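K.L.:
Sequences listed follow chains E and A, in order. So for the first sequence, our numbering puts the first residue at 1; every next one is plus one. So for the second sequence, our numbering puts the first residue at 1; every next one is plus one.
I should point out that these hints are in silico values taken from the structure, not numbers from a laboratory. A quick note: this is a predicted structure, and the numbers were derived from the prediction, not measured. Using N, Cα and C, we set each Cβ at its ideal position, and we do this for glycine too. Be aware that a few hints might be false.
[To be verified] Some but not every residue of chain A turned toward chain E, in silico, with C-beta under 7 Å:
1. E2
2. V29
3. M33
4. L100
5. S258
6. V260
7. A278
8. K280
9. A283
10. M287
11. C302
12. A326
13. R375
14. L378
15. L383
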Amino acid sequence: MKLSFSPADEQFREEVTSWLAANLGGEFEVIRGRGGPGDEHSFVEERKAWERKLAEGGWTCVGWPKQYGGRGASIEQQVIFNEEYARAGGPGRMGHIGETLTGPTLIAFGSEAQKERYLPGIRAGKEFWCQGYSEPSAGSDLANVKTRARLDEANDQWLINGQKVWTSLAHESQYVFVIARTDPDSVAHKGLGFFLLAMDQPGITVRPIEQLTGTSEFNEVFFDDAVCAADDIVGAPGEGWKVAMGLLGFERGVSTLGQQMLFQNEFDEIIRIAKANGAARDPALRQRIADAHVGLRILRFNSMRMLSGGGDDGSLQKEAMIYKLYWSTWHRNLGKLAMDVLGAESEIIAAAPYELTRLQSLYLFTRADTIYGGTNQIQRNIIAERALGMPREPRG
Amino acid sequence: MEFRFTEEQQMIRDTAGAFLAEVSTAAAVRAAMATERGYDEALWRQISEEMMWPALHIPEAYGGLGLGFVELAAMQEQMGRVLLCAPFLATVGLGVNALLVAGTEAQKQQYLAAIATGSTATLAFMAPGSRPDAHAVQATWAADGDGGVLNGEYRYVLDGHTAETLIVAAREAGSDGEEGISLFVLPADTAGVSREWLPTMDQTRKQASITLRDVKLGADALMGEAGCAWPALAKILDLATVAVAAEQVGVAQQALDSSVAYTMERVQFGRTIASYQAIKHKAADMMLKVEAARSAAYYAACIADEALAGNPLGAGLAEAASIAKAYCSDAAFFNAGCGIQLHGGVGITAEYDIQLYFKRAKSTETLLGDAAWHRERLARQLLDGEAA
Ligand SMILES: Cc1cc2nc3c(=O)[nH]c(=O)nc-3n(C[C@H](O)[C@H](O)[C@H](O)COP(=O)(O)OP(=O)(O)OC[C@H]3O[C@@H](n4cnc5c(N)ncnc54)[C@H](O)[C@@H]3O)c2cc1C
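So here's chain A without its partners, still in its complex pose (with noise of 0.2 Å):
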């Protein structure tokens, strides 16, 4: 047993950690986050075309570099800490995820080759006012020849106003719950779709609502057999989940670290502030949250390689991925919130970075259900006899 990053997975992480501190400054950020598309163009153009990220787990049959899923979690660790605004978690995360877990070979070699290369993607499936479970499925699809047409509307989808390809859940008029559901993947300027910014509390993520009238697709945008997706959805969802968790650990990390670089030059009654007692405790549980997170999204990210795999330790993804996302949710709130405690009044202000992470932190927790959620959904599993 090796719970550890190999040299590497370590390598890939110091590197991209070096990288993005470089790139991803507080003004970068703030820069970025004032746009409407949300991220610099440029750098995601470096990001994706000469580094490559986006391929980091896509197979290199599809033009991948063919790695797993622990250096995934290990990249978004470290866009979490910088708070990189980037259409990553869209595109990887969702995008990705989906077209693996559920694209047919040809979307595989058309899609996941256009990602490889710098194209972007986003998952839409989530109906206004809904929470991340089958019901949250509304838009319709009926038959339509050998394809189908799609009409509903979409909510909270991550860089749903700038991505390239969409892929959308619908249900089949008329069906409830995990019935019924198909997946379809589709170039965002497909006839019938628009597209809206949805302006966001967290400035540094980005997200749209998306309505679909009378879209027709083809046989071929299609994912797997029409009807039957919820599996596939809720395992590509699964895994999305696992990603986020990682980037809550670099969020939880860097509000840990801010803090105490702050603490450690601020005098108050004569002292470093970080020489008081409470503000050490403050920051020794805050390690404790951070380092325990750290745990759960790992142990998380290695079952996501065995599910992508298809291999038996992967029947765990439901539950690690709830697990890693109840506890870095709550640390990264945790350390968030604390964070601004120990900066005092210059916490408030718009000037320090803080307040960025307490507002990514919150916004991370509700993605693809809070801790509350997530908790009730392992009690089910514990408590029912249900399987998480």
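The shape of chain E in the complex, shown without the other chains (with noise of 0.2 Å):
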């Protein structure tokens, strides 16, 4: 076992932060540590152009293939430009959902026209995307889908009809990738196709949904004859759920891997208060922040294991299933201590309607934690029935 980062690692690190440096302030000043989840609402214009720039000096996408316009980073480079991307305050990226789902899932699934099409938007942090998977009788049963896609032949495209739900960002991307039965006679995971579409056309409305945080972060996406080229469908018909399934793999793989940097932003200001107020000379509360700490560290010991045991292909091993059930709960938790930490002060909101601190956002928001990307009792099914060998879960 080996702790440290090796010197060319350390090297890129270096030349991370002193970008960041130099870039994140002026104009950008406003969007540090703004955006990410319980606050997508925030300086969305600021942050598009923080986009561009990031994608200017090469920063989108490092860990995508060099031919792709990435840098080719290794697994520990990633790690480091997001560990420092969040120390330096970096804004949530609004670009990540192409950066870290499109992108990768094309590069290993897409064809060589699919690539030249969509990854250069996606690399000059131009180009956003959202995720069509849900639908309201399709969540943790994701297979479940009933949006249809129909080849219309005589105008060599696919209709899709249908809903999505819950699509996070859909009302500033330009473009979906959704996941619709080509096969109107299969069920569950069978007879599915993955497809690119643009959200700009007739046959896609979007219709905001708004959140217990008074704000919008995601949609529900109506599909009526909307148009996909016949050839942006990823894979063959029939192959959609590999495809579905590649791309939950990313997610659930090296693109959280920095986060642990967010969240000691987030806890640090909450030990800031707690020394302000006197929190910390609660015996209760001195045992919850310790915990939280003791949490925090081992995210980070958990993630340098996953890292260190992965496969090349950025694959996790069965430990890694644990990954999502433990962050999300630890941050769900780190919501709560900061509204417990603030006391009585934590009920008064910055202003009315509705406008809440950061701190409410993340007690209100880390709710979702729990529930997107896999809720934690999928997670342990997957992990009792994958990891531990346990039984399969009847199905109805």
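Dock chain one against chain two, each of which comes alone in its own frame, and use the hints as you go.
P.N.:
Next up, the structure:
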């Protein structure tokens, strides 16, 4: 075991930090630490400009292979980048879905034409994507999607009909990837396709959903003969599930590994408050604060282990299956801790009608952490079945 | 960065695991725990003299194998898995670490070499009813020529009634807290030393009380400078704490594995109970605990290596030890407790092993500071601006 990073990696870190120090200021000062889950509505235009700035510096898609405009950064370097980005107060990335989900999926499963068409826009920080998986009747049971795709051979295109829900950032995106049924008689994960669609078309309607925070970062998306070019299906018709699951592998993989630095920023804020308002002297809160510290440090150790043990393809070992359940639960508890450290002050919001403080947003929105990307219950099913070999759930 | 075992470490771990599974069977554990000594001497000879496990992280210059703390942690984890009854933690976690941290050259030559060939040792520092901080040291020493005279009573001394070498902490009469503490190393049969077995709830690990009555020691027994030993003692305790945390990983893992195995066999309502989601989710939570515990313990083991080598990263030892011990204590207790629940009625019997894990989880939780104690130590560092 060796804990230190190589000199080359440390040099990479230096490159990241100095670029951020030189560029994350001036007009971008206001977006430091803004955006991200629970705060996606903030400073959208400024954050889009920031994406372009990042791209100019070569700091989007650092993990992509060089031939697609990335840096071919190793997993270690990707973590270093994400850590330093968060440490510097880098804003929540507008382009994260394209960069961490669409891109790797196209690189793995897409045609050359699809890569040529879509990767440059993501890399340039100009084209944003959203994820059209969940539907009203397909949540945890994702394979139950009802949205249909019909090949309109006369016009050489697919026509998509149906509804997606909880589609994060659909209102800010130019493109969506959708799983839809190519075989109308199929059930479950058979007979699905994976489609790439432009959002700006008459067949697509986006309706925001107001969240418990009063803001809207996810949406309902309606497809009414929405058009997808015939060659914008990824993989063959019927292979959609394979592609969709490959993508979820990326979602649960490297992309979350820098996040503990973001969490560290939140935790540091809570410590500052505790020291200032006397909560730091309360024995019960001291225990919980220390417990949060223990949990956060272990989150980092877990990710170091995953990084060192993962396969070359970025896939993760079975131990890595605990990762989502672990961080989501830790983060949710942090939200509660923040309120308890604030005490009576935790109730008072920033302004009417319903402008919340960052920590109030944290408290409310971390309830989503244990739901999206596979709920805690689904994570436990996966752990029990795949890591511990216990019997599969009966299906209805 | 490589936060995983090297091939060699993996091999040591696997070999130890396979050997221990063969020798530390349920029957062997029960036979050993029923004795006052608490371990099988023939097995200890095999482990220590033939296999040289206690010599693992003793430098080659003192007859050891010269490996590191990560190897030690891997060994300790495997021992926890099978509840090995042996004076290993006392001899290595406490004894070897104490000698490495505080021993003079001559003491290392003498005692480490003896341990490398099978001799046992332990550390005594806690007064009755104390907690494992500097105030625990209540035995006293007074200068006497070149050496000193020691008086006092220790409790909770791991394998204290059988260890051949004792390392003891004592303070200058009238001193308080971290001041005035000295460490001494002495043969257990030194005049004035009396020892008594203290029967324990966890029968798989033995404790003793040790009383010192006017024990006269020469200058050669003093470890380091008189009255200044607290930092060394604190470091020794942190190193031993990491070893205990690694052992708890093994306890937590086996509590999970044996419980899952049981639920896959046991049928109720026409299905194996493992097919019920309430059971699966409990098992998943147990796996989360043990994997997170493993991350914490091995991180701490890496830091322990750095600390023993005197490298800068070693400055994080106290924090890493507290993180590991806080988490691993809770994880071992959680897994063993849930393990009993998953076993149902048989979990309450003496026959099934899960009860033994439940007891080991508790005894290791208390040992060298429980989770709350370590969290408070971290809280001081985080909130009061004190070093942990
Ligand atoms: C903030 C946020 C952003 C999101 N963004 C996107 C997005 O961009 N794109 C997208 O496609 N989706 C998105 N989602 C949707 C998300 O993936 C789903 O909410 C999630 O998969 C759960 O589905 P559901 O909401 O239908 O809940 P359900 O599946 O109905 O679950 C309800 C409850 O039942 C439990 N449950 C369900 N099945 C089982 C089972 N087999 N065993 C035990 N318990 C079970 C669940 O754990 C949960 O507690 C987002 C969700 C949130 C909250």
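K.L.:
Tell me if C302(A) is really an interface residue toward chain E, meaning its C-beta lies closer than 7 Å to one of theirs.
P.N.:
This hint holds: C302(A) lies near chain E, its Cβ roughly 5 Å from the closest one there, short of 7 Å.
K.L.:
Is the hint on L378(A) kept, meaning its closest Cβ partner in chain E is under 7 Å away?
P.N.:
Result: holds, 4 Å to nearest chain E Cβ.
K.L.:
Given K280(A) as an interface hint, is the shortest Cβ-Cβ distance to chain E below 7 Å?
P.N.:
holds (4 Å)
K.L.:
For the hint on L383(A), does the least C-beta distance to chain E fall short of 7 Å?
P.N.:
holds (4 Å)
K.L.:
Is the interface hint for M287(A) satisfied, with its Cβ closer than 7 Å to some Cβ of chain E?
P.N.:
Result: holds, 6 Å to nearest chain E Cβ.
K.L.:
Taking the closest Cβ pair, is S258(A) under 7 Å from chain E?
P.N.:
Where the cut-off is 7 Å and the nearest Cβ of chain E is about 12 Å from S258(A), the hint is violated.
K.L.:
Let's test the interface hint: is any C-beta of chain E closer than 7 Å to that of V29(A)?
P.N.:
violated (25 Å)
K.L.:
Tell me if R375(A) is really an interface residue toward chain E, meaning its C-beta lies closer than 7 Å to one of theirs.
P.N.:
holds (4 Å)
K.L.:
Tell me if the interface restraint on A283(A) is satisfied: Cβ within less than 7 Å of some Cβ in chain E.
P.N.:
holds (5 Å)
K.L.:
Min Cβ distance, V260(A) to chain E: is it shorter than 7 Å?
P.N.:
holds (5 Å)
K.L.:
May I ask you to test the interface hint for E2(A) with respect to chain E, counting a Cβ-Cβ separation under 7 Å as satisfied?
P.N.:
Interface hint status for E2(A): holds (4 Å vs cutoff 7 Å).
K.L.:
Classify the hint on M33(A) as holds or violated, based on whether any CB of chain E lies nearer than 7 Å to its CB.
P.N.:
violated (29 Å)
Hint check: violations occur at hints 2, 3, 4, 5 and 7; the rest are consistent with the structure.
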